[in-house]
Amino acid sequence: MKATLSFLGQRAVILHRPGETTDRLVRQCVLLGFRAEARWQPLRADEDADIVLVDADEGWDGILPWTPAEKPAPLVALLASEAPGRIAWALDQGADALIAKPITASAVYPALVMATRRHAETRQFNERIRRLEERVRLRPLVHAAVRTFMAADGCGENEAYGCLRREAMQKRLTLEQAAASILASPRRQAG
Amino acid sequence: MTVLRLGILFSTSGDYGALGRDCRDGAMTAIEDLRGACSVGIEPVAGDPAASSERYIELARRMIQEGGCRHVIGTVTSQARKDVIPVIEKRDAQLWYVCPYEGFEANPNVIYTGTCPNQHLLPLFEHMLPAYGRRVYLAGANYIWGWEMNRLAREVVTEAGGEIVGERCLPIGDTDVDRIVAEVAARQPDFILSNMLGPSSHAFLRAMRELGRRDPAFRPERCPVVSCDLTECELPEIGLGVADGQLAAASYFDSLDTLANRALKAQVAARFGSDRRVSSYFATSYATVRLCAEAVSRCGTDDPIKVRSALAGLMAPSPLGPLRIDPATNHANLPFLLGRISGPDFVILQSRPAAVADPYLIRRRTAVQPASAQPQLRIVS
Numbered sequence: 001m002k003a004t005l006s007f008l009g010q011r012a013v014i015l016h017r018p019g020e021t022t023d024r025l026v027r028q029c030v031l032l033g034f035r036a037e038a039r040w041q042p043l044r045a046d047e048d049a050d051i052v053l054v055d056a057d058e059g060w061d062g063i064l065p066w067t068p069a070e071k072p073a074p075l076v077a078l079l080a081s082e083a084p085g086r087i088a089w090a091l092d093q094g095a096d097a098l099i100a101k102p103i104t105a106s107a108v109y110p111a112l113v114m115a116t117r118r119h120a121e122t123r124q125f126n127e128r129i130r131r132l133e134e135r136v137r138l139r140p141l142v143h144a145a146v147r148t149f150m151a152a153d154g155c156g157e158n159e160a161y162g163c164l165r166r167e168a169m170q171k172r173l174t175l176e177q178a179a180a181s182i183l184a185s186p187r188r189q190a191g
Numbered sequence: 192m193t194v195l196r197l198g199i200l201f202s203t204s205g206d207y208g209a210l211g212r213d214c215r216d217g218a219m220t221a222i223e224d225l226r227g228a229c230s231v232g233i234e235p236v237a238g239d240p241a242a243s244s245e246r247y248i249e250l251a252r253r254m255i256q257e258g259g260c261r262h263v264i265g266t267v268t269s270q271a272r273k274d275v276i277p278v279i280e281k282r283d284a285q286l287w288y289v290c291p292y293e294g295f296e297a298n299p300n301v302i303y304t305g306t307c308p309n310q311h312l313l314p315l316f317e318h319m320l321p322a323y324g325r326r327v328y329l330a331g332a333n334y335i336w337g338w339e340m341n342r343l344a345r346e347v348v349t350e351a352g353g354e355i356v357g358e359r360c361l362p363i364g365d366t367d368v369d370r371i372v373a374e375v376a377a378r379q380p381d382f383i384l385s386n387m388l389g390p391s392s393h394a395f396l397r398a399m400r401e402l403g404r405r406d407p408a409f410r411p412e413r414c415p416v417v418s419c420d421l422t423e424c425e426l427p428e429i430g431l432g433v434a435d436g437q438l439a440a441a442s443y444f445d446s447l448d449t450l451a452n453r454a455l456k457a458q459v460a461a462r463f464g465s466d467r468r469v470s471s472y473f474a475t476s477y478a479t480v481r482l483c484a485e486a487v488s489r490c491g492t493d494d495p496i497k498v499r500s501a502l503a504g505l506m507a508p509s510p511l512g513p514l515r516i517d518p519a520t521n522h523a524n525l526p527f528l529l530g531r532i533s534g535p536d537f538v539i540l541q542s543r544p545a546a547v548a549d550p551y552l553i554r555r556r557t558a559v560q561p562a563s564a565q566p567q568l569r570i571v572s
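Chains A and B supply the protein sequences, listed in that same order.
Mapping to this note's numbering: the first sequence position 53 is 53, numbers consecutive.
Mapping to this note's numbering: the second sequence position 146 is 337, numbers consecutive.
Hint data in this document are derived by calculation from the structure and do not stem from the laboratory.
Because the structure is a prediction, the values reported are computed rather than measured.
Do not take every clue at face value.
[Said to hold, decoys possible] Restricting the straight-line Cα-Cα distance to at most 27 angstroms, the calculated cross-link-like pairs of lysine-lysine (DSSO-like) are:
#, chain 1, residue 1, chain 2, residue 2
1, A, Lys101, B, Lys273
2, B, Lys456, B, Lys281
3, A, Lys101, B, Lys456
4, B, Lys456, B, Lys273
5, B, Lys497, A, Lys101
6, A, Lys101, A, Lys71
[Claimed, not checked] Listing some non-contacts, in silico: residues in chain A with all C-beta distances to chain B over 10 angstroms:
#, residue
7, Ala3
8, Gln28
9, Gly33
10, Asp57
11, Asp61
12, Thr104
13, Ser106
Think of the CB as a built atom: it goes at the ideal place given N, C-alpha and C, for glycine as much as any other residue.
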C-alpha cells in the first residue's frame, strides 16, 4: 500500500504568465502544503524546486535549466492547446504529468501525485539502466579475470567463475570490481 | 432587502433518504427561523434528485439557470457532490456541502461545513486503538466514501502497528451482510469501522446485535461498531435499542447541552414534535444556511465571490459552536464528539474543541501515536 503523500514544506515553482491560471494553481499548491511561487521567468540552475509546473502553450527551450535526462524534479505541463507541436514540446521537456487549462481545482492534486511518482520511477529506471550498462561495459574484465583464474589454478571455466564470485562476495565487491582488482594484482598477473 | 435564492438539493428519497431529509429539514428550519429576522429574504428552490446522478446534475442546472440560484446547499454523497461541482463551477455559483466526507478536495466554489478525516476518523482512531486494540475490521459502502475511509483507516492502523483483519464493501442498498458478519465472527476484531450507509448499515447493526446475543464477545462493550456517518436520524429506522452501545463520531449530537442547542431543539420540537431528534446533518445544514444568510447580509449581495470574502472574517454562533470557515481551504473548523448510542440518543463520551480542517492531511504525520509504546514481547518456553 502506498502511503498518502504529503507535500508539506516543499517548494513548487510555476512558470506561467500571472493570472487566473497561476492564482488557481498557487491556491491548490498551498493547500497541499507547498510553498508556491508563480512567475514568467526561466528556472535558474541553482534554484531548489521540489516540483516544477511549466506553461507548455508558450514555454520555450531553455525555460528549464536542464535536459530531460538530468531533470532533478518532477515536471508538470500546463496545456490548453491541442497542437501536436506543443504536446511534443511538453514531452521533450520530460513532463511527468499534464494539467489541462483552464485549471479546475480537482485536476491539480492528482497531477502532482502522478508526476511525483512518475519522476521517482523514471529516476530509479535510469539508475538501473546506468548500473546495467556499467556492468555490460566491464564484462570483458570479468572474462579476463576468469581466464586468469583458469591459468593460475588450472581449473575449468565454471570453477574459475565460482572462485571469482566467492572473492567478490568475501570482499563485498561487485563481480566487475572484483575482476578489476584481480587483474590489477601483480601476483595474479604473474601466476 | 437582499434576496437570496437558495437551491436546496438533497436526496430525500432513496437509500440514504433519512440523511437527505434531515439536511433538508435543517435548511428549511433555518429559513423559517430567519424569516423577518434578517435583512436577507431567502427564497428556497427545492428538489429531490432521488439518489440519481443524472437528476442531481439536471436539478442543479435548473436551480441555477431557471431558478436564479447562485447558491445551492446540498448533495449527500461524495459521488453526488463530484457530479454537481462541474455544473456549479461552470456557472460560477456556490455549493454549500454539509455532510461528513473523506477529504482530498478543496474547491473554491464549494464551502465545506461537514467534517473531513482529521476531524472525524483520525481523532476517532486515536481513541479507539488504545482503548479497544489494534485488530480492526473494515466494512464500507462500495463507492468513494467507503473506499477512501477504509484506505485511510488501513494506513492509520498499519502505522500504529495494528492489523486489518478483514475488509468488505457492499453496494449502497445491499443488505446481504451475512458474509461480513461471518468474517467478523471468525476473525474476532477488537472493533469494526463501518462506512456503510442506510439499509446496509442498518442490516449490519441488526446482525451484530444477534451475533452479540449468541456470543458476548461481540457485544458493543467488547467489540463495538464505530462509524463517522451514523446519526440520530437513522436510529428509529434501525429499531430503537438495537444499536445501543455502538459508537459514532460527529461534530454534533442532539444531547449536546449548550444554549444554542437548547434553542434549536425547542424550535425543532415546535415544528416537528418532541420525539424528533436533531442529527449532525440537520444541525449542520441549519447552521450553514444561517452562515450563508449572514455572509450575504454583510455584503448586501449574493454574488458568490463577495460572499466568499465576507465569510473570511465571519465567526457565527451555531448549535455546533462558533462556526468559522478557513479561507485557505473553504472548510469549517469543527469539533469532534464521540457518542455512544442509547435509545434514540447518543451519550457524549468525549469531546474536543473545533479543529481546523486539513482536507489533504498534510499535517497528519504526528496525529496518531501507536496504541502502545511497549513492544509486543512474550516469553516463550
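To see whether the hints hold, each was checked on the structure:
| no. | hint | verdict |
| --- | --- | --- |
| 1 | A:Lys101 / B:Lys273 | 19 angstroms, holds |
| 2 | B:Lys456 / B:Lys281 | 38 angstroms, violated |
| 3 | A:Lys101 / B:Lys456 | 48 angstroms, violated |
| 4 | B:Lys456 / B:Lys273 | 32 angstroms, violated |
| 5 | B:Lys497 / A:Lys101 | 25 angstroms, holds |
| 6 | A:Lys101 / A:Lys71 | 24 angstroms, holds |
| 7 | Ala3 | 6 angstroms, violated |
| 8 | Gln28 | 7 angstroms, violated |
| 9 | Gly33 | 4 angstroms, violated |
| 10 | Asp57 | 21 angstroms, holds |
| 11 | Asp61 | 34 angstroms, holds |
| 12 | Thr104 | 7 angstroms, violated |
| 13 | Ser106 | 7 angstroms, violated |
Hints 2, 3, 4, 7, 8, 9, 12 and 13 from the list above are not met by this structure, while the remaining hints are.
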